[in-house]
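Position 106, counted from 1, in the sequence shown is what UniProt numbering calls 106; the numbers after and before it change by one each time, with no gaps.
The set of hints was computed from the structure by calculation and includes no laboratory data.
For glycine and all other residues, C-beta sits at the position ideal for the given N, C-alpha and C.
Warning: the hint list may mix true and false statements.
Stated by the list, open to error - Listed next, the in silico BS3-like pairs over lysine-lysine satisfying Cα-Cα at most 27 Å (straight line): (1) 76 x 34; (2) 124 x 59; (3) 76 x 107; (4) 48 x 59; (5) 121 x 107; (6) 121 x 85; (7) 48 x 34; (8) 30 x 76; (9) 59 x 121; (10) 59 x 85; (11) 76 x 59.
Said to hold, decoys possible - Okay, the calculated beta carbon distance ranges per label pair: (12) 45 x 106: 20 to 28 Å; (13) 59 x 95: 16 to 24 Å; (14) 121 x 33: 31 to 39 Å.
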Amino acid sequence: MLCQDRPSQNVFFSPLGISSALAMVLLGAKGNTKDQMAQVSSPEDIHKGFQMLLTQVNKPGSKYLLTTANRLFGEKTYDFLSTFKESCLQFYHGELELLSFAEATEKSREHINTWVSKETKGQKYKLFHSPPTPTLFSSLFYLSSSLLMSLVLQNHQMT
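Using the sequences and the accompanying hints, generate a full structural model.
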């Protein structure tokens, strides 16, 4: 659907991004939801595994730049547990930032898109036209590599 609306743009779905989003949801899940999600693996193993993986992926000094950024944006009138916020930061390098979706929808939307632009090294994306829910999860990947640029240039020269 996105490809039909924007045929000249690249679409990238990351298993790491989707998995980390679900794992962050698991941090705040309770009852039946938590029980069903925990059947896949031990929650402690999942969270510690992501902590190690994200630390390695974002490690400086590589021949490429791959940056991940996770952030939860939550309605400021909701009461989020401090242990949930601390665990998101510890395991997923992702903050919970409180915004006023209900009273300042446009300002919240602009703030989220500004954060996206900052995390993607100035790329201008309008990911959110309006925050759809009281809690919004954003997981971004930014890749820059001399190998990637070399492949792009080679492909351009071939055509």
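> What are the numbers of the hints the structure violates, in ascending order?
Replying inline: Of the numbered hints, 11 and 12 do not hold.
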